[in-house]
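Fit chain B to the known structure of chain A by using the hints.
From first to last, the protein sequence lines are chains A and B.
For the first sequence, counting from 1, position 13 maps to 13 in this note's numbering; every step adds exactly one.
For the second sequence, counting from 1, position 80 maps to 80 in this note's numbering; every step adds exactly one.
These are calculated hints, taken from the structure and not from any lab test.
Think of the CB as a built atom: it goes at the ideal place given N, C-alpha and C, for glycine as much as any other residue.
You may find that some hints are simply not true.
[Said to hold, decoys possible] Distance windows between CB atoms, simulated: (1) A/Lys26 with B/Leu75: 42 to 48 Å; (2) B/Lys2 with A/Leu3: 30 to 36 Å; (3) A/Glu96 with B/Glu19: 31 to 37 Å; (4) A/Asp49 with B/Pro7: 38 to 44 Å; (5) B/His65 with A/Leu34: 35 to 41 Å; (6) B/Leu75 with A/Pro7: 30 to 36 Å.
[Claimed, not checked] Only part of the chain A face toward chain B is listed, based on derived beta-carbon distances under 7 Å: (7) Ala10; (8) Val47; (9) Tyr87; (10) Val90; (11) Glu96; (12) Trp101; (13) Trp102.
[Claimed, not checked] If you only want the chain B side, here are some residues facing chain A, beta carbon under 10 Å, derived: (14) Arg18; (15) Asn20; (16) Arg48; (17) Gly52; (18) Thr54; (19) Ile55; (20) Ala76; (21) Leu79; (22) Gly80; (23) Lys81; (24) Arg86; (25) Ala93; (26) Arg94; (27) Glu96; (28) Tyr99.
There are 2 protein chains.
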Amino acid sequence: MKLPETPYYAVIFISELRENASDYGKWAEYMVKLAEDQPGFLGIHSVRDNQGITISYWESESAIHAWRTHAEHQLAQKLGKSDFYRYYKVEIARVERAYEWWNSAEKD
Amino acid sequence: MKLPETPYYAVIFISELRENASDYGKWAEYMVKLAEDQPGFLGIHSVRDNQGITISYWESESAIHAWRTHAEHQLAQKLGKSDFYRYYKVEIARVERAYEWWNSAEKD
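Extracted from the complex, chain A is given alone in its bound form (with noise of 0.2 Å):
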């Protein structure tokens, strides 16, 4: 993703499965198509190990909210917390500065 301009916000999501999430997968991937197609959507960064850490970027907090109560999205929630996970945390944050780096060798 391109960096916005700040500020602008992360949802931070820090997850741990169970260890029969079969349909996990299914839906992680369907949930980040959606949020792609939402009012105010910036990008996405997931990355899992023993732990899953995904970041959801935002224009604004009503935009967040918006996601927050999409139907699906709600539906998500709810087998989420009945079939997916043993523990998240989710942070709303509002971000200040940012800046990025490429190796000069090896940027496009």
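Chain B only, in chain A's frame:
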């Protein structure tokens, strides 16, 4: 980590390693240990697959500034550019709201 009272600060560090970043693991581990000893440090989460996401949490922006300018951390930052990373992004964010959830069947 126990959830701190908001507001607190997060440094989101997203990175991609070069193929031959052989000393990276040792340095990364040492930097986590060193960060944990700094004033104002609250916690850290780190996950890596193709990308790495490390989120460190701090009491204040001045604690983040002190850590950024810590001599050994500065050496690590130089090695990061010369030897380890092909890309990284840093975001400084103020956490406004946070909550966590455990599956009650699995909570300790």
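Hint check:
no.: 1; hint: A/Lys26 with B/Leu75: 42 to 48 Å; verdict: 44 Å, holds
no.: 2; hint: B/Lys2 with A/Leu3: 30 to 36 Å; verdict: 32 Å, holds
no.: 3; hint: A/Glu96 with B/Glu19: 31 to 37 Å; verdict: 33 Å, holds
no.: 4; hint: A/Asp49 with B/Pro7: 38 to 44 Å; verdict: 29 Å, violated
no.: 5; hint: B/His65 with A/Leu34: 35 to 41 Å; verdict: 38 Å, holds
no.: 6; hint: B/Leu75 with A/Pro7: 30 to 36 Å; verdict: 31 Å, holds
no.: 7; hint: Ala10; verdict: 5 Å, holds
no.: 8; hint: Val47; verdict: 5 Å, holds
no.: 9; hint: Tyr87; verdict: 5 Å, holds
no.: 10; hint: Val90; verdict: 6 Å, holds
no.: 11; hint: Glu96; verdict: 5 Å, holds
no.: 12; hint: Trp101; verdict: 5 Å, holds
no.: 13; hint: Trp102; verdict: 5 Å, holds
no.: 14; hint: Arg18; verdict: 7 Å, holds
no.: 15; hint: Asn20; verdict: 12 Å, violated
no.: 16; hint: Arg48; verdict: 6 Å, holds
no.: 17; hint: Gly52; verdict: 7 Å, holds
no.: 18; hint: Thr54; verdict: 9 Å, holds
no.: 19; hint: Ile55; verdict: 6 Å, holds
no.: 20; hint: Ala76; verdict: 14 Å, violated
no.: 21; hint: Leu79; verdict: 13 Å, violated
no.: 22; hint: Gly80; verdict: 9 Å, holds
no.: 23; hint: Lys81; verdict: 7 Å, holds
no.: 24; hint: Arg86; verdict: 5 Å, holds
no.: 25; hint: Ala93; verdict: 4 Å, holds
no.: 26; hint: Arg94; verdict: 5 Å, holds
no.: 27; hint: Glu96; verdict: 5 Å, holds
no.: 28; hint: Tyr99; verdict: 6 Å, holds
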